[in-house]
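Enquirer: full-length UniProt numbering puts the sequence shown at residues 1 to 174.
Please keep in mind that the hints were generated in silico from the structure rather than gathered at the bench.
Take these hints with a grain of salt, some might be off.
[Claimed, not checked] Cross-link-like lysine to any residue pairs, in silico, SDA-like; alpha carbons within 20 Å at most:
#1 LYS87 to LYS33
#2 LYS167 to ASN154
#3 LYS43 to LEU55
#4 LYS124 to THR161
#5 LYS33 to ILE17
#6 LYS167 to GLN150
#7 LYS96 to ALA135
#8 LYS96 to PRO56
#9 LYS87 to GLY76
#10 LYS87 to PRO98
#11 LYS92 to GLU102
#12 LYS43 to GLU127
#13 LYS87 to THR122
#14 LYS33 to GLU59
#15 LYS139 to THR122
#16 LYS33 to PHE16
#17 LYS87 to GLU127
#18 LYS92 to GLN130
#19 LYS33 to GLU52
#20 LYS124 to ILE162
#21 LYS124 to ALA152
#22 LYS124 to PRO158
#23 LYS43 to LYS167
#24 LYS124 to GLY78
#25 LYS149 to GLU134
#26 LYS33 to LEU49
#27 LYS149 to ARG166
#28 LYS34 to LEU19
#29 LYS34 to GLY78
#30 LYS149 to LYS167
#31 LYS149 to GLU114
#32 LYS124 to ASP110
#33 LYS167 to GLN147
For clarity, every value in this text was computed on a predicted model and none was experimentally measured.
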Amino acid sequence: MKVFKYALTVIMIIIFIILSLVAWDSWEYKKEKKFRSGVSALKSENYDLAYEYLLPYVEAGNASAQRMLGEIYAFGLGRESNILRAKMWFRKADCKEPDDGETEYFVALDFLDEEHLVPIDTIKALEWLQIAAEAGNPKAQIILTDQAKQAAMNLSVPQETINKWRKFLGYPEN
């Protein structure tokens with residue numbers, strides 16, 4: 001009889017744990033519903049709705065939401081383009097989930113992609129490459145030193161910028 005009570009207690013504890021985990025998953029799913037709605041709105045180009053849904057997550061410190069808000073400002077999606085605000089949100093996201101300027105690097109590439117939502121803009125692309133390089137992105141740093149890569153991307157990089165990054169990366173002086 002004692003063994004039966006013990007086994008029943010163990011089974012009840014296991015059932016309680018399983019039910020708690022299921023309830024937790026359901027709560028987490030519901031909690032993130034507006035976040036997912038914000039992502040969907042962003043993908044469907046409903047930028048005002050995306051902003052509205054993402055803002056509470058941005059303010060709560062969600063790094064993914066902060067990066068998305070940074071992209072909204074970087075590309076001027078439903079908001080006026082604002083590089084300072086974009087950089088601010090990218091940096092705040094970086095504090096939680098470092099990406100060494102990867103987000104900024106992809107913003108630069110998007111300004112060179114004719115299939116992206118924004119028109120090709122080599123000046124903005126160069127500006128974002130420099131921001132990515134300053135954030136520690138090695139791919140951006142290399143592009144800023146390699147004139148062949150710059151030519152392939154139709155970028156016109158000032159010689160002083162090339163020299164700055166060559167020196168930073170420890171390349172020998174010409």
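Enquirer: Against each hint, give a clear statement of whether it holds in the structure.
Expert: Hints versus structure:
Between the alpha carbons of LYS87 and LYS33 the distance comes to roughly 27 Å, so the proposed pair goes past 20 Å and is violated. Distance restraint check for LYS167 and ASN154: the Cα-Cα separation of roughly 23 Å exceeds the 20 Å cut-off, and the hinted pair is therefore not satisfied. Only pairs whose Cα atoms come within 20 Å are accepted, and LYS43 paired with LEU55 is accepted, the gap being roughly 16 Å. A distance of roughly 15 Å separates the Cα atoms of LYS124 and THR161; the hinted pair therefore holds under the 20 Å criterion.
At most 20 Å may separate the alpha-carbon atoms for a hinted pair to count; LYS33 and ILE17 exceed this at roughly 24 Å. This hinted pair checks out: LYS167 and GLN150 have alpha carbons roughly 17 Å apart, not beyond 20 Å. Only pairs whose Cα atoms come within 20 Å are accepted, and LYS96 paired with ALA135 is accepted, the gap being roughly 14 Å. Taken as a hint, the LYS96 and PRO56 pair is honoured in the structure, with Cα atoms around 17 Å apart against an allowance of 20 Å.
Restraint check for LYS87 and GLY76: the C-alpha separation of about 13 Å stays at or below 20 Å, so the hint holds. The straight-line distance between the Cα atoms of LYS87 and PRO98 is roughly 14 Å, inside the 20 Å bound, and the hint therefore holds. For a cut-off of 20 Å, the pair hint linking LYS92 to GLU102 stands: about 14 Å separates their Cα positions. A C-alpha spacing of about 25 Å is found between LYS43 and GLU127, which places the hinted pair above 20 Å, so the restraint is violated.
Only pairs whose Cα atoms come within 20 Å are accepted, and LYS87 paired with THR122 is accepted, the gap being roughly 18 Å. At roughly 16 Å between alpha-carbon atoms, LYS33 and GLU59 fall within 20 Å of each other, so this suggested pair holds. With a C-alpha separation of about 17 Å, the suggested pair LYS139 and THR122 falls inside the 20 Å cut-off, and the hint holds. For the given pair, LYS33 sits about 26 Å from PHE16 by alpha-carbon distance, which is inconsistent with the 20 Å threshold.
With a C-alpha separation of about 12 Å, the suggested pairing of LYS87 with GLU127 holds against the 20 Å cut-off. Using a Cα cut-off of 20 Å, the hinted pair LYS92 and GLN130 holds, with the two alpha carbons roughly 18 Å apart. For the given pair, LYS33 sits about 13 Å from GLU52 by alpha-carbon distance, which is consistent with the 20 Å threshold. Pair hint LYS124 plus ILE162 holds up; C-alpha atoms about 17 Å apart against a cutoff of 20 Å.
At roughly 16 Å between alpha-carbon atoms, LYS124 and ALA152 fall within 20 Å of each other, so this suggested pair holds. For the hint linking LYS124 to PRO158, the alpha-carbon distance of about 14 Å falls within 20 Å, and the restraint holds. Proximity of LYS43 to LYS167 is assessed by CA-CA distance (about 40 Å); at most 20 Å being required, the pair is judged violated. For a cut-off of 20 Å, the pair hint linking LYS124 to GLY78 stands: about 18 Å separates their Cα positions.
Simply put, LYS149 and GLU134 have alpha-carbon atoms about 18 Å apart, close enough for the 20 Å limit, and the pair holds. With a C-alpha separation of about 14 Å, the suggested pair LYS33 and LEU49 falls inside the 20 Å cut-off, and the hint holds. With a C-alpha separation of about 14 Å, the suggested pairing of LYS149 with ARG166 holds against the 20 Å cut-off. For the given pair, LYS34 sits about 25 Å from LEU19 by alpha-carbon distance, which is inconsistent with the 20 Å threshold.
Restraint check: the Cα-Cα separation between LYS34 and GLY78 comes to about 19 Å, which is no more than 20 Å; the hinted pair holds. As the CA atoms of LYS149 and LYS167 are separated by approximately 18 Å, the hinted pair is consistent with the 20 Å bound. Proposed proximity of LYS149 and GLU114 is supported: the alpha carbons are some 18 Å apart, at most 20 Å. Taking the CA atoms of LYS124 and ASP110, the gap is near 10 Å; set against the 20 Å cutoff, the hint holds.
Proposed proximity of LYS167 and GLN147 is supported: the alpha carbons are some 15 Å apart, at most 20 Å.
Violated hints, in rising order: 1, 2, 5, 12, 16, 23 and 28; the structure is consistent with all others.
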